[in-house]
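Chain by chain, the residues run as shown.
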Amino acid sequence: MTYQSTIQGVRGGFGQLLRAEWTKFWSVRSTVLCLLAAIGLSILLSMFLTFNSTDANEGPHYVDQFGFVYQPLAGDGSVVAHVQSQRDSHQWAKAGVIIKQSLQSGTPYAAVMVTPGHGVRFEATFNTQYTGTAAGGPRWLKLTRSGTSVTGFESGDGVTWTPVGTVTIAGLAPTAQVGLFVSSPPNYVVEKHFAGNDQHEVPTNGEATFDNVSVRPAVPTTLPAAPGPPVRWSFADILDTNRFPGGLAPGGFTETDGAFVVSGNGDIAGSESVSSLEAPTGDDIVKASLAGIQIGLIAFVALGVLYASSEYRTGLIRTTFTASPRRGRVLAAKAAVLGSVVLVAGLIASFGAFLAIQPKLHEKGYEPPAYPYLSLTNETVLRAVAGTALFLTLLALLSLGLGFVLRRSARAITLVLALVLVPQLAGDLIPSIEAAKWMVRLTPVAGLEIQQSRLRFDTAIGPWAGLAVLCGYAAVALLAALWMLRRRDA
Amino acid sequence: MEATIDVQGIHKRYGRTVAVDGLSFRVEPGLVTGFVGPNGAGKSTTMRIVLGLDSPDAGSAVIGGKRYASLRTPLREVGALLDASAIHPGRRARDHLLWMAHSNGIPRRRITEVLELVGLAQVAKRRAGGFSLGMKQRLGIAGALLGDPPVLMFDEPMNGLDPEGIHWIRGFLRSLAGDGRAILVSSHLMGELQDMADRLVVIGRGRLIADTSVRELLAAASDNRVFLRTGSRSEAMTVLANAGATVAITDRDAVTVSGLPAERIVALLTDARLPFSEIGQHRASLEEAYMELTRESVEFNAGEPS
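Residue numbers (this note's numbering), protein chains in the order written: chain Y, 1 to 490; chain A, 1 to 306.
By construction, these hints were calculated from the structure, which means they are not laboratory data. Note that the Cβ used here is the ideal one computed from N, Cα and C, for glycine as well. One or more of the hints may lead you astray.
[What the hints assert, rightly or not] FRET-style restraints, in silico, Cβ to Cβ:
id : chain 1 : residue 1 : chain 2 : residue 2 : range
1  : A       : P89       : Y       : Q424      : 47 to 57 Å
2  : Y       : A426      : A       : K125      : 45 to 55 Å
3  : A       : D6        : Y       : C34       : 36 to 46 Å
4  : A       : S175      : Y       : S340      : 40 to 50 Å
5  : A       : R13       : Y       : W483      : 45 to 55 Å
6  : A       : L133      : Y       : G328      : 26 to 36 Å
7  : A       : H11       : Y       : A426      : 33 to 43 Å
8  : Y       : W483      : A       : T17       : 18 to 28 Å
9  : Y       : R29       : A       : H11       : 36 to 46 Å
10 : Y       : C34       : A       : R13       : 38 to 48 Å
11 : Y       : A426      : A       : R13       : 36 to 46 Å
12 : A       : R26       : Y       : V344      : 24 to 34 Å
13 : Y       : T414      : A       : R13       : 23 to 33 Å
14 : A       : S132      : Y       : Q358      : 47 to 57 Å
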């Protein structure tokens, strides 16, 4: 008497469930529109969101200020010094020997130097740099001039010399100034106020002790040794009034029994290399080019929430659980489908936004040398752009979880957006950098740090650590959803 | 699998409201079982518990001896229509059935079959949001039939149907039962179940009031009463009462008589020379029988001050 189903060969596996949830996803027009809107919003808003232009490239692209103990060197020759010690006033403080066209700031130079944080370096004409031994500490340094060619050497003992680099300085004057130099860039202090920041430079004072200082002309003059006093050392503060309009404390030097104590501040560098031009409030243009995502994410949040909550609104959830009574698997299938879809959409949105906005950034003055062109082949850029898709994926999963927990679209969307937007707004407003950082570290918005491409004064957390915070939130939301689904009547 | 639903002593409470209070019944294959009770009696809750959607506080509900949650391809075992409007308005009718079919690995061609079976083949590509309630009911029935299951449950399937639709569904459910399927149909209107249900499970306030065949119920309600229409009502009542019958007025010129067979009544009236225009066995309607059964358990009685 009992009837038997005529439908044969059915299986109730997870694959079927994925297929069912995928069918549910694409078969509702508003879902598909929401997805397209999310992609479109992210790209378009990135293009039209205005952010400040930069004047980083106006004025000279170098900084040239230091304490200089000098004497003229006619023709070829060499200058040698042993850096006995250097005060660790800044990781980019420099102490070494230099040959310079004149005492004018901004004129061509070549120098070999030690730094507290970056070892031995040979740098020239604001655009050339070679790195030597990484170790700091006492070091012998030598520069030799041959025509317009200058070579830098380093040595541990003053006997065996290792070349660090060679440059040709076109038009180097027959008689150039050679000697010892010391520089030390300022530190930056950012003070946060209500809805804004102030950046101050605090000068640091570099100091180094040299001994065994000698200047030897290459050709011992054919003339008999000039009678009279030996050439005396002079000191000059080379001042860069463009870069440091306020001026800084002057340096100086003392010589006692062949030991020179030299002090000075500033920096000798081109803007591509460096340090002192890289202010901590400088713009993170990778992050800036993805700015549209911060609005576009609203659509992704809505998508995630609605994928769960719309089933409750329509009552469809009962049909779903009637067709698939194992609720944990339904949650897993939904998470898998949503995650995959958002990952793909997120990649389209982030790569699209990034590529679309590059020309716009260049128009605004974000150009080399202060802001080198960004390439997707750069590991940091790729991490930021592709990571944005991961951020959106995790955010959508968090939304899905909360959609299941709260079951009401409006509530869940509001909660997720509050978690993501409030810390950002509040972070701008509260006048404490530390508090603003903790706001970011402790909320899902930490995931957005995957977009960072440079350290700024307000960098709260590393890119992957930030993403891990969001990951934690998403995991908690999904576990809560699982627990609720199993425990609660549908 | 045996096509049965077994409900054993289920209790369910939502907050302070007791929805189901120790309900037990069994739905047999080959029969349409009507599940009747006033609104709020616990019918939908019971159905949700059978489907594993709500968990009972006590008791159990099994289908063919198995808990619903343990079924691997439940659509093949049980078809259910709980709420016809529980569909996404933006989804096409066909796609709604498609995701259901995918979830249980049911072949695509079955979708076309069920759409034709319920008469929705022409509108399969329309979005469900534009459907009338009647069309939604048909779509819900199509979903229940997708896995061609031996057990079917329908919660108020005639809501929103026009008379033609009601006629269709009666015949349709009867034919499904004729295949040997077990069918449970709930309704708060006993009249809807007339000429369709074989058995009735009547509940009120979450408790079982009657679990009986339709024939027995009607016989019990009719209670051997005789219907009499006469112009001389009061005289007739006196005569019959004197003969030991219980007489109740049902109209200006009509009474029902119990305690005397029809032949005896005719003889008494003839002896007393009282005229009458109509006499016959009283036939209770299902509605009437139901009213009698649930008189004490009507929860939302509009006429009674509370």
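Each hint, compared with the structure:
| no. | hint | verdict |
| --- | --- | --- |
| 1 | A:P89 / Y:Q424: 47 to 57 Å | violated, 35 Å |
| 2 | Y:A426 / A:K125: 45 to 55 Å | holds, 49 Å |
| 3 | A:D6 / Y:C34: 36 to 46 Å | holds, 44 Å |
| 4 | A:S175 / Y:S340: 40 to 50 Å | holds, 44 Å |
| 5 | A:R13 / Y:W483: 45 to 55 Å | violated, 22 Å |
| 6 | A:L133 / Y:G328: 26 to 36 Å | holds, 34 Å |
| 7 | A:H11 / Y:A426: 33 to 43 Å | violated, 50 Å |
| 8 | Y:W483 / A:T17: 18 to 28 Å | holds, 25 Å |
| 9 | Y:R29 / A:H11: 36 to 46 Å | holds, 43 Å |
| 10 | Y:C34 / A:R13: 38 to 48 Å | holds, 39 Å |
| 11 | Y:A426 / A:R13: 36 to 46 Å | holds, 44 Å |
| 12 | A:R26 / Y:V344: 24 to 34 Å | violated, 51 Å |
| 13 | Y:T414 / A:R13: 23 to 33 Å | holds, 32 Å |
| 14 | A:S132 / Y:Q358: 47 to 57 Å | holds, 54 Å |
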